[in-house]
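Just need the whole structure built from these sequences, with the hints factored in.
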Amino acid sequence: MLRTVAARLVQIIGLVLAVAIVNFTLLHIAPGDAAVVIAGESGSGDPEVLDEIRALYGLDKPFINQFGSYLGRVATGDFGQSYRFNEPVTSLVRDRIGATVILGTTAILFAIIVGIAVGVYTARRPESWFSHLATVLALIGFSIPVFFLGIQLIILFASVLDWLPAGRMQDLRFEGNFIQQWIDIAEHLILPAFTLGVLYLAQYSRQTRASMLETLQSDFVRTARSKGLSERTVVYKHALRNAVIPVITLAGLQLGTILSGALIVETVFDWPGLGRLAFESVQARDAPVLLGLLMLSSILVILANLATDLVYRLIDPRIRVGGSAA
Amino acid sequence: MPNETSPAQGSDAEAILSVRDLVVTFGSFTAVNGTSFDLFPGETLAVVGESGSGKSVTALSIMRLVELGTRGKIEQGEILFRRDNGEVVDLVGLSENEMREVRGNDISMIFQEPLTSLNPVYTVGNQVAEAVQLHQGVDKAEGMARALEMFQQVRIPDPEQRLEQFPHEMSGGMRQRVMIAMALSCDPRVLIADEPTTALDVTIQAQILGLMRDLRQTTGAAVMIITHDMGVVAEVADRVVVMNQAEIVEQGDVYDLFENPRERYTQALLAAVPRLGSMTGLDEPAPFDLVEMETVEMKQVDS
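Quick mapping for you: the protein sequence lines, in order, are chains P and S. Per my numbering, the very first residue in the first sequence carries number 1; after that it's consecutive. Per my numbering, the very first residue in the second sequence carries number 1001; after that it's consecutive.
Please keep in mind that the hints were generated in silico from the structure rather than gathered at the bench. Treat each hint with caution, since some may be false.
Claimed, not checked - For each label pair, taking beta carbons as the anchor points, the in silico distance ranges come out as:
1. Q1136(S) with E187(P): 27 to 33 Å
2. G1172(S) with I144(P): 17 to 23 Å
3. L213(P) with S1028(S): 20 to 26 Å
4. E1096(S) with N305(P): 40 to 46 Å
Here a beta-carbon is modelled for each residue, glycine too, at the ideal position from N, C-alpha and C.
Put into structure tokens, the structure is as follows:
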């Protein structure tokens, strides 16, 4: 177990390096001059000022030198200064990561719990009206564009019904104690988390349904029934643990993509997280911030895979043995 | 087709299980059509027939598992089970809750596929103990103690270590022993074995059959064994029920049946068994003879 974790951490270093090379190169060859962006922020397009800025940020140096010094700084934990905010990338990320973690975790947990519950129910009663409804809703769920769903929800729940706030993470005029503050955040969280979760929810419920239907037909489920176990024990103890394995695979793969979903949802709901920061950085050609975020998301993908592996081991003993032998 | 309903052996004894005019359908398909037979205490009854003849569906109907997990339906008939106290109940009329107390406790079952019949994510000890805990209301420790006892009884080597293993760490023969241990753990009065040796290789088959024969003697359970292998029938059975196309074509004492098969189908079935030495003197292996159902004549396969 420990060896697996250690091996994965070594992999992270190699992968992050590869990601850094690719992203740095791509951003470098992309059209647009960072010096113009920086100069634009300070309100001057003077050629002399531009040269000065280039010299200050090292933009006049050859590509390989720029990359080398970037890597050197990254190795010491310095991801550079944002062109736009004139603030270290690390502190920008630190300020915003909490909001994204709250949003992403809520959305994924909502999707996994509700998705598996719906999947199990529809697998056990495939002919019920709820199963048919769930099938249609799931189809809508993963074909509807996230931004469109988000906007429709804002119109319905914030504008027409006025039940929930339309955007941001906290009320601007908020005053109150710690608990009231979290209640306020929770109210703001409902719509964006639901919007982000729906896409995953649809996929998890369908995956659970399919693998549950298959598992319920398997020989060991028949054995469990022949022992005289109740249908509840058969389904939840014997079948579910086997049926969730493909759902975990799916969830693990998608955990890494949560940032790209968050990018859209945070932009629609004005949620102050990393997704919106990424979107704004693209618009502002803020290369250091973008590089930092891309690096972070690649680490996230690897950590998600590692977490998936560990959960697998917990659930499926066949993998446990294969792992210790390797 | 004529049904031989009076059992060859001891019609004075009281049957522990009596199937009467059982009809089981899957949609418009009739899988079992008016089957009647008896199972007496302490005997081994073999149900033989080719694939699709309704043997397994009959077994699953007795367990009332045909309605769970498959789309089968018991249309008519009775499955009369004699309880310990002599009371006779019709299993077809029992509620699902009442039936659960019968399953694994009074009547238990071994399946054809030992490789897939155990849950891959729980240890085998757990899976055996689960049935004991359920039916005897004991705690985990006592359940595991009973599982250990059963593992010793089915002659699993290193039983203490084996209890903690997962199914994938065991061979097919060992897994079938675990299944037998599980099935016998609550001292059932009837054991149904659905092709228990089909998936195993020949030497393991002999071991498992020998084990089942010994266990029948020590536990006194009545055994209903389903097979398409006439060799297995000759090895273990006291009486035989021959099924073909959802109906019973013949039943009787195993010696009578092998010596004197009355029905054409039974004759054909017995004739289909390859004989040792039948290819002596040939230069190369020849295809087996095919049996002509109508005339029960052996036909050489064109090669």
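So which hints don't hold here, by number, going up? Going through the list in order, the structure violates hints 1 and 2 and respects the others.
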